[in-house]
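Put chains H and U on the given structure of chain A with help from the hints.
Given next are the chains, with one letter for each unit.
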Amino acid sequence: MISTLVIMALGALVLGAALGYASIKFKVEGDPLVEKIEAILPQTQCGQCGYPGCKPYAAAISAGEADINLCPPGGMDGVRKLADLLGREVKPLEVEEKPKQVAIIDETTCIGCTLCIQACPVDAIVGAAKQMHTIIEPLCTGCELCIKPCPVECIHMQPITENLDNWKWKYPVIEIKRAA
Amino acid sequence: MLQHLFGFKGGVKPQTNKAPSVQQPIGQAPLPARLYVPLHQSIGGSPNPLVEAGEQILKGQLIGGADGWMSAAVHAPTSGTVLAIEKHVAAHPSGLPTLTVVIAPDGRDEWITRTPLDYRSLAPERVREALRDAGVVGLGGAVFPSHAKLTAASSVAVEQLVINGAECEPFMTCDDLLMRERAEEIVRGSAIFRELLAARRVLIGIEDNKPEAVAAMQAAVQRLGEDHEVVAVPTRYPAGGAKQLIRVLTGKEVPASKRSTDLGVQCFNVATAYTAYRALAYGEPVISRIVTLTGNVLQPRNWEVRLGTPLRDLVALGQPKADTNKYLMGGPMMGFEIPDLAAPVIKATNCVIAGSPTLFPPSPPEMPCIRCGACAEVCPHELQPFELYWFARARNFGKTQEYHLFDCIECGCCSYVCPSHIPLVQYFRFAKSEIWSREREKQAAEAAKARFELRNARAEREQAEKAERLARAAAARSSERKPASAAASPPVAVAESGVASAVASEPAIASPPIDADALKKATIVAAMERARAQRAAVQPRNTEQLTFQQQREIAAIEARRANLQAESSPDEVNRPQRAAE
Amino acid sequence: MGRFVSRQRHFQGKRNMTHYLFIIVGAVLVNNVVLVKILGLCPFTGVSKKLETAFGMGAATTFVLTVATGASYVIDHYLLMPFGLEYLRTLSFIFTIAAIVQLTEMVIQKTSPLLHQVLGIYLPLITTNCAVLGVPLLNVANKHDFVESLLFGAGCAIGFSLVLVLFAGIRERVEGADVPTHFRGTAIAMVTAGLMSLAFMGFAGLDKYQ
Chain A
0 MISTLVIMAL GALVLGAALG YASIKFKVEG DPLVEKIEAI LPQTQCGQCG
50 YPGCKPYAAA ISAGEADINL CPPGGMDGVR KLADLLGREV KPLEVEEKPK
100 QVAIIDETTC IGCTLCIQAC PVDAIVGAAK QMHTIIEPLC TGCELCIKPC
150 PVECIHMQPI TENLDNWKWK YPVIEIKRAA
Chain H
0 MLQHLFGFKG GVKPQTNKAP SVQQPIGQAP LPARLYVPLH QSIGGSPNPL
50 VEAGEQILKG QLIGGADGWM SAAVHAPTSG TVLAIEKHVA AHPSGLPTLT
100 VVIAPDGRDE WITRTPLDYR SLAPERVREA LRDAGVVGLG GAVFPSHAKL
150 TAASSVAVEQ LVINGAECEP FMTCDDLLMR ERAEEIVRGS AIFRELLAAR
200 RVLIGIEDNK PEAVAAMQAA VQRLGEDHEV VAVPTRYPAG GAKQLIRVLT
250 GKEVPASKRS TDLGVQCFNV ATAYTAYRAL AYGEPVISRI VTLTGNVLQP
300 RNWEVRLGTP LRDLVALGQP KADTNKYLMG GPMMGFEIPD LAAPVIKATN
350 CVIAGSPTLF PPSPPEMPCI RCGACAEVCP HELQPFELYW FARARNFGKT
400 QEYHLFDCIE CGCCSYVCPS HIPLVQYFRF AKSEIWSRER EKQAAEAAKA
450 RFELRNARAE REQAEKAERL ARAAAARSSE RKPASAAASP PVAVAESGVA
500 SAVASEPAIA SPPIDADALK KATIVAAMER ARAQRAAVQP RNTEQLTFQQ
550 QREIAAIEAR RANLQAESSP DEVNRPQRAA E
Chain U
0 MGRFVSRQRH FQGKRNMTHY LFIIVGAVLV NNVVLVKILG LCPFTGVSKK
50 LETAFGMGAA TTFVLTVATG ASYVIDHYLL MPFGLEYLRT LSFIFTIAAI
100 VQLTEMVIQK TSPLLHQVLG IYLPLITTNC AVLGVPLLNV ANKHDFVESL
150 LFGAGCAIGF SLVLVLFAGI RERVEGADVP THFRGTAIAM VTAGLMSLAF
200 MGFAGLDKYQ
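In order, the protein sequence lines correspond to chains A, H and U. When we follow numbering that gives the first Met the number 0, the leftmost residue of the first sequence carries the number 0, and every step to the right adds one. When we follow numbering that gives the first Met the number 0, the leftmost residue of the second sequence carries the number 0, and every step to the right adds one. When we follow numbering that gives the first Met the number 0, the leftmost residue of the third sequence carries the number 0, and every step to the right adds one.
Treat each hint with caution, since some may be false.
Claimed, not checked - As a list, the in silico SDA-like pairs of lysine to any residue whose alpha-carbon atoms are at most 25 Å apart: (1) H:Lys17 <-> H:Ala28; (2) H:Lys398 <-> U:Gly175; (3) A:Lys169 <-> H:Gln425; (4) U:Lys49 <-> A:Ala38; (5) H:Lys520 <-> H:Ala463; (6) H:Lys431 <-> H:Ala470; (7) H:Lys431 <-> U:Asp177; (8) H:Lys12 <-> H:Gly250; (9) H:Lys398 <-> H:Ile369; (10) H:Lys520 <-> H:Arg454; (11) A:Lys167 <-> H:Gln400; (12) A:Lys54 <-> H:Gln462; (13) U:Lys49 <-> A:Val89; (14) H:Lys257 <-> H:Leu4; (15) U:Lys48 <-> A:Ala62; (16) A:Lys169 <-> H:Pro367; (17) H:Lys520 <-> H:Ala470; (18) H:Lys431 <-> H:Gly44; (19) A:Lys169 <-> H:Gln383; (20) A:Lys169 <-> H:Ala470; (21) U:Lys48 <-> U:Ile169; (22) A:Lys99 <-> H:Ile434; (23) A:Lys167 <-> H:Lys17; (24) A:Lys169 <-> H:Glu386; (25) H:Lys520 <-> H:Ala473; (26) A:Lys26 <-> U:Phe62; (27) A:Lys54 <-> U:Ser111; (28) H:Lys257 <-> H:Ala141; (29) H:Lys325 <-> H:Ala141; (30) A:Lys169 <-> H:Gln400; (31) A:Lys167 <-> H:Leu98; (32) H:Lys257 <-> H:Pro123; (33) H:Lys441 <-> H:Gln462; (34) A:Lys167 <-> H:Leu382; (35) H:Lys320 <-> H:Leu382; (36) H:Lys320 <-> H:Gln23; (37) H:Lys8 <-> H:Lys520; (38) H:Lys441 <-> U:Ile169; (39) A:Lys90 <-> H:Glu438.
Worth flagging that the hints you see were computed from the coordinates, not collected in a lab.
For reference, chain A alone in the conformation it holds in the complex:
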């Protein structure tokens, strides 16, 4: 009986020592996975996921604190890519997916308060105090963060329409015709 205990204890000790040594030897610093996740996120920095920006959300996903379906601007595509990267199940988005939008400032009502400029996370609004502001369309990520601060409600969102630069070939559809 004693010898049994001694042997098992000895075995446990040896294995424990080996594992302890390994945990020091193979210590992981930083988390390179966060960068991979962040590369998938759309970088709108809109905070719709509940985290203050894309990087914190990526960190939360990596740590297993956040689900992968919290990013509406990334859309289902983003969820699918994250699921692919992390080997998790694809889940439907928490919030409904919206078409891509850009913010438009109604230049006649703008009073030049600069509040939206301070709110824009990606520096897509130009203007100076008491001067009319405008949005640089190609730089706007459609995060809607500038809408709330505007005191005169002169900013609205407009879906991006199809043009020759973003036009895509459509998925071939087979027409179903009634047989004569």
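Same frame as chain A, now just chains H and U:
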């Protein structure tokens, strides 16, 4: 002139249907009532409009300036008045509008002063610039700016210059007629290209179903005493693809990752050589092109059409038959259905085919892929279209790229032979544009991230600067006061604590020598105090959901704090008097 | 192992290369640990969605399994048997395997964080992978010596990886196929696994020609 020919793998031999449109010489299309000249007609940057609505313009006048190196200029096809610069339907499968210069011709067709260039004495860079400003682009259909192709790779000398007169698409005969009628200009243009590239040999490849064109070109070469080699290549679609023709004539295979100049070959269309010569030797920019009008029309023929002519006007010249139900731009293999005949003729319009249900029967329904491999056999790029199809259909774009989707030239051979009538090329185009759009989005996201990070860094820096400024200001104030109030040590300590508080501001107001500077400082500090009070009022205090006991404690503490403030403030009020002493 | 191993008993004294080859081939194909013995199905269905992950999991399992068989042999023969502690076999084997798996996990996390993330729960689950425990126990049951144990462990591991990679390849293709809605995902994977198992039954009899 013996030339060993190489083959390319795959390819198909569709019915050529070229005979009807070569019966008559090239005709001059009449001037239409309106011309719609799109500004963006080539690959690369979109030219900027250089004219205004209402402006009188002359034929050949620059109306769109090249935007950067990778772009080509656009010119007025005739003289007249600019009516508007507006969005007009583009000659594009989408039928979306593009920025277009609308011109009302005055009928005089009056040329701008044309200045022939002495290209022989000019530096090559000047010649390339001249070609860009004359709007010379690849007229085979790709509309790639030609000047950008006329630079030899620094490491490899150009061995062969291939002039592409193969014209393998069925129905299309515009290059055939051009070679028959204007062979000399093509040969001279090729000679210019050759000089610019310092190419050792010039090979003119023409499919052997165009013996008249071969003869005409050979005669022209001899007449001009050039040593270009005119080579008849076997007729097999897509022998006219740049990579295929290079393969056939030189045996060199251009990989997707490289440009042909890296292998010492460059390839130009015959029409490009022609326009380049016209541009340099006559000072005539590209304002028209030869368009084959054929198919289900009574008068199939090649027309020299001004760019900007609405397709409706062009089509009317051929007198389409009654059962015509659609029009194709480009050939039947690689072309697309024109969504709107209001779209104009552009530099890429090499052929317009009227289609009817008998000429192009509607394709039978798509059936499942049976993996017969017929598509792989005919693929000129030795791809596996059935695998590409499988993954493109499942939207597995990563896998399509693993199977070299971007090596596909969309020649349509696979769709042509598919026994299941699968529109393979459509799937590949879909996959390609989807991948491109994702790439664009990714780049936009990366740029947004960079801006976001810069903005955060800037905010941090500004905050640090502000704190520093405040600290300096406080320090300055305290040192200012020091000589006056040597005895008053407690207020100095308050001021030195960094945060300029209201208590510190009061002495300034009360002190007898009120100078403007101090007043200004005081108002600022007062404003800050107000802001702080405001913020404090707004800030949640987390004291709502507390027990009665806790609330009582808080109340007691608050009362104590109020007491303390009341005690300390008379002290503060006394201070200025002391300071004045 | 059945027939194949019992046949080997007759040639106990003769340890030549053919004998070792038969052990390996038998473990990889004839008695494939997943498709014939139906062991280790959890990672087989869980980590077979992508080829790369399947490769990673295969490699990790191969490493763990080979080392575990060796270590189990040593523990069994030099620790348990001399003291008559055979009844502690299963327990001590699990100990050993758990330690090796932990070690592997640390190494993978350091060397390939992405693989670590992708393998996710399945990496620590190698601990409870019945194939990994089953093979050392089969070694004991078949009275393999040290070299045989190692070869058998490696063979089983290679068989596991082979089947996992094949299955992942098939599943990647099936992703693009027109599978009826109700069969999508795990259902069609199970059907596929069944068909693969049938196919591997065809290897039975390879040992007839020895």
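Against the structure, the hints:
1. Between H:Lys17 and H:Ala28 the CA atoms are separated by roughly 20 Å; this keeps the pair inside 25 Å, and the hint holds.
2. The hinted pair formed by H:Lys398 and U:Gly175 meets the criterion: a straight-line CA distance of about 11 Å does not exceed 25 Å.
3. At most 25 Å may separate the alpha-carbon atoms for a hinted pair to count; A:Lys169 and H:Gln425 meet this at roughly 8 Å.
4. Distance restraint check for U:Lys49 and A:Ala38: the Cα-Cα separation of roughly 20 Å lies within the 25 Å cut-off, and the hinted pair is therefore satisfied.
5. About 21 Å separates the Cα atoms of H:Lys520 and H:Ala463, which keeps this hinted pair within 25 Å; it holds.
6. Simply put, H:Lys431 and H:Ala470 have alpha-carbon atoms about 58 Å apart, too far for the 25 Å limit, and the pair is violated.
7. Taking the CA atoms of H:Lys431 and U:Asp177, the gap is near 22 Å; set against the 25 Å cutoff, the hint holds.
8. With a C-alpha separation of about 21 Å, the suggested pair H:Lys12 and H:Gly250 falls inside the 25 Å cut-off, and the hint holds.
9. Restraint check for H:Lys398 and H:Ile369: the C-alpha separation of about 20 Å stays at or below 25 Å, so the hint holds.
10. Between H:Lys520 and H:Arg454 the alpha-carbon distance is near 30 Å, which puts this suggested pair outside the 25 Å criterion.
11. At most 25 Å may separate the alpha-carbon atoms for a hinted pair to count; A:Lys167 and H:Gln400 meet this at roughly 18 Å.
12. Simply put, A:Lys54 and H:Gln462 have alpha-carbon atoms about 22 Å apart, close enough for the 25 Å limit, and the pair holds.
13. A distance of roughly 14 Å separates the Cα atoms of U:Lys49 and A:Val89; the hinted pair therefore holds under the 25 Å criterion.
14. Only pairs whose Cα atoms come within 25 Å are accepted, and H:Lys257 paired with H:Leu4 is accepted, the gap being roughly 23 Å.
15. At most 25 Å may separate the alpha-carbon atoms for a hinted pair to count; U:Lys48 and A:Ala62 meet this at roughly 23 Å.
16. Note on A:Lys169 and H:Pro367: the hinted pairing holds, with a Cα-Cα distance of about 20 Å set against a maximum of 25 Å.
17. Between H:Lys520 and H:Ala470 the CA atoms are separated by roughly 14 Å; this keeps the pair inside 25 Å, and the hint holds.
18. Between H:Lys431 and H:Gly44 the alpha-carbon distance is near 21 Å, which keeps this suggested pair within the 25 Å criterion.
19. Between A:Lys169 and H:Gln383, the direct Cα distance comes to roughly 22 Å. Compliance with the 25 Å bound is thereby established for this hinted pair.
20. Distance restraint check for A:Lys169 and H:Ala470: the Cα-Cα separation of roughly 62 Å exceeds the 25 Å cut-off, and the hinted pair is therefore not satisfied.
21. With a C-alpha separation of about 9 Å, the suggested pairing of U:Lys48 with U:Ile169 holds against the 25 Å cut-off.
22. With a CA separation close to 17 Å, the supplied pair A:Lys99 and H:Ile434 stays within the 25 Å bound.
23. For the hint pairing A:Lys167 with H:Lys17, the CA-to-CA distance comes to about 32 Å; that exceeds 25 Å, so the pair is violated.
24. Straight-line distance between C-alpha atoms of A:Lys169 and H:Glu386 comes to about 19 Å, which keeps the hinted pair within the 25 Å bound.
25. For a cut-off of 25 Å, the pair hint linking H:Lys520 to H:Ala473 stands: about 11 Å separates their Cα positions.
26. Taken as a hint, the A:Lys26 and U:Phe62 pair is honoured in the structure, with Cα atoms around 21 Å apart against an allowance of 25 Å.
27. Restraint check: the Cα-Cα separation between A:Lys54 and U:Ser111 comes to about 21 Å, which is no more than 25 Å; the hinted pair holds.
28. Between H:Lys257 and H:Ala141, the direct Cα distance comes to roughly 18 Å. Compliance with the 25 Å bound is thereby established for this hinted pair.
29. Proximity of H:Lys325 to H:Ala141 is assessed by CA-CA distance (about 23 Å); at most 25 Å being required, the pair is judged to hold.
30. Taken as a hint, the A:Lys169 and H:Gln400 pair is honoured in the structure, with Cα atoms around 18 Å apart against an allowance of 25 Å.
31. The hinted pair formed by A:Lys167 and H:Leu98 meets the criterion: a straight-line CA distance of about 19 Å does not exceed 25 Å.
32. At most 25 Å may separate the alpha-carbon atoms for a hinted pair to count; H:Lys257 and H:Pro123 meet this at roughly 24 Å.
33. Among the hinted pairs, H:Lys441 with H:Gln462 is inconsistent with the structure: their alpha-carbon atoms are about 31 Å apart, more than 25 Å.
34. Restraint check: the Cα-Cα separation between A:Lys167 and H:Leu382 comes to about 23 Å, which is no more than 25 Å; the hinted pair holds.
35. Taking the CA atoms of H:Lys320 and H:Leu382, the gap is near 40 Å; set against the 25 Å cutoff, the hint is violated.
36. Between H:Lys320 and H:Gln23 the alpha-carbon distance is near 19 Å, which keeps this suggested pair within the 25 Å criterion.
37. For the proposed pair H:Lys8 and H:Lys520, the alpha carbon gap of about 84 Å is over 25 Å, so the pair is violated.
38. At most 25 Å may separate the alpha-carbon atoms for a hinted pair to count; H:Lys441 and U:Ile169 exceed this at roughly 30 Å.
39. The suggested pairing of A:Lys90 with H:Glu438 holds, with an alpha-carbon distance near 24 Å, which does not exceed 25 Å.
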